[in-house]
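Q: Residue numbers (this note's numbering), protein chains in the order written: chain A, 1 to 266; chain E, 1001 to 1121.
Honestly, the hints are just simulated from the structure, not real lab data.
Treat the hints with care, since some could be wrong.
[Stated by the list, open to error] Listed next, the in silico DMTMM-like pairs over lysine to aspartate or glutamate satisfying Cα-Cα at most 20 Å (straight line):
(1) A:K77 with A:E40
(2) E:K1104 with E:E1114
(3) E:K1104 with A:D72
(4) A:K77 with A:D58
(5) A:K77 with A:D48
(6) E:K1104 with A:D68
[Unchecked claim] Here's a subset of chain A near chain E, in silico, CB distances under 7 Å, partners left out:
(7) F86
(8) L248
(9) V252
Even glycine gets a Cβ: it sits at the ideal position worked out from N, Cα and C.
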Amino acid sequence: MSGCRWQRVPETVELAAAAPPLPGLSDLRRVAIVPALNEEHTVPRVIDELRAFDPGLDIVVIDDGSTDRTADVAGAKGAFVLRLPFNLGIGGAVQTGFRFAFEHGYDLAVRVDGDGQHDPAQLQRIIEPVLRGDADIAVGSRFAAEEGGYRSSRSRRVGIRILATVVSRIVGQRVTDTTSGFQALNRQGIALFARDYPHDYPEVEATVMVFRHRLRLREVPVSMRERGGGRSSITALRSIYYMVKVLLAIFVGLFRRHVVPDEESR
Amino acid sequence: MTPLAVSIAGAIASFALVLVVLDLIRRHRLRERYALLWLATGLVLTALSLWRDGLNTIARWFGVRSYPPAVLFAVAILFIIAVLLHYSTVISRLSDQNVLLAQKLALLEQELRESTGSERN
Chain A
1 MSGCRWQRVP ETVELAAAAP PLPGLSDLRR VAIVPALNEE HTVPRVIDEL RAFDPGLDIV
61 VIDDGSTDRT ADVAGAKGAF VLRLPFNLGI GGAVQTGFRF AFEHGYDLAV RVDGDGQHDP
121 AQLQRIIEPV LRGDADIAVG SRFAAEEGGY RSSRSRRVGI RILATVVSRI VGQRVTDTTS
181 GFQALNRQGI ALFARDYPHD YPEVEATVMV FRHRLRLREV PVSMRERGGG RSSITALRSI
241 YYMVKVLLAI FVGLFRRHVV PDEESR
Chain E
1001 MTPLAVSIAG AIASFALVLV VLDLIRRHRL RERYALLWLA TGLVLTALSL WRDGLNTIAR
1061 WFGVRSYPPA VLFAVAILFI IAVLLHYSTV ISRLSDQNVL LAQKLALLEQ ELRESTGSER
1121 N
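Using the sequences plus the hints, can you model the full thing?
A: Right under this line is the structure:
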């Protein structure tokens, strides 16, 4: 079981075909934030799939210091391209996208990774709670469904489990997947992350931050695909470092005083 | 044997370091990434100060018989060198990035002047 990769494409195809348009979506200014690092082979497909899901969705690709043609191919597909002069890491890259969304007055942002592991056809489910006003941020979770589709290395799953348990305890709500970057946010969520977003391995701390600012987070079961290209930024040794760093950040963060973000703040 | 006063002073100072580092993180003055080495320093020195038998044992391994706290100083110096070396690499990276930013800015400015026409400087 461990080390076994998986793929579940059929379901997503079916979903895309059956997807009725979300009511009210077309009234919103909406943008897809796509962080990418050396993903020239998968980014065009991700952009196509985003367009297939919603032709009215603006797409901004943040090229986090790629050495391949990621920025060129994204630009050729008609996406906005923010090309960082050097690698900022996933947190800094994603926050660049949130700043873009905030400065340009978008009402709704979705985050979809450029490596193809997030299937845009499933955005429907993730956007829905935000659109209904039930959540400020909705997160696609690999573990929220009981069927348990996601498999990765044992150590990685244990790490994710530990973080999920710690975070759930702290925020007082069951959170199953604190490392998922497959998200949808409303204006309030965009404003928060544009102003303050963690570095390195951001999703875990961001989850805690969302609750500390009294925004509503909702998890939605999704399945994720095998990474189409590039490499995971998390190797075995680094994951220990991240684990320590993230736990430290979370616990120290508990002693911070927080203010609820307002639209004016940057 | 290590004088008790040295153990107490060492423990207080090292633990104070840990608290100061944690408070700096809390106030967003220090990133977690750069705090970890400091925290390790503080915790190891606290442990060595309190664990007096251990300090003596380690001192004996290195043939230090007259004054075990010398080991404490040696460990402290080792950690400080590690922190400094780490910071040197960080500064090197920052200065590289700074050069790149300045160059990009100069290119952008030139491009902007070009596209808005040269009526203004």
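Q: State for each hint whether it applies.
A: Hint check:
1. This hinted pair checks out: A:K77 and A:E40 have alpha carbons roughly 12 Å apart, not beyond 20 Å.
2. Between E:K1104 and E:E1114 the alpha-carbon distance is near 15 Å, which keeps this suggested pair within the 20 Å criterion.
3. Distance check on the hinted pair: E:K1104 and A:D72 sit about 18 Å apart at the alpha-carbon level, within 20 Å; holds.
4. Annotation: proposed proximity of A:K77 to A:D58 holds, straight-line Cα distance about 12 Å (limit 20 Å).
5. At most 20 Å may separate the alpha-carbon atoms for a hinted pair to count; A:K77 and A:D48 meet this at roughly 8 Å.
6. For the given pair, E:K1104 sits about 19 Å from A:D68 by alpha-carbon distance, which is consistent with the 20 Å threshold.
7. Below 7 Å, beta-carbon pairs count as interface contacts, and A:F86 has one with chain E at about 5 Å; its hint therefore holds.
8. A distance limit of 7 Å between C-beta atoms decides the matter here; for A:L248 the minimum to chain E is near 5 Å, and the interface restraint holds.
9. This hint holds: A:V252 has a C-beta 5 Å from the nearest C-beta of chain E, less than the 7 Å allowed.
Every hint, counting from the list given before, is met by this structure.
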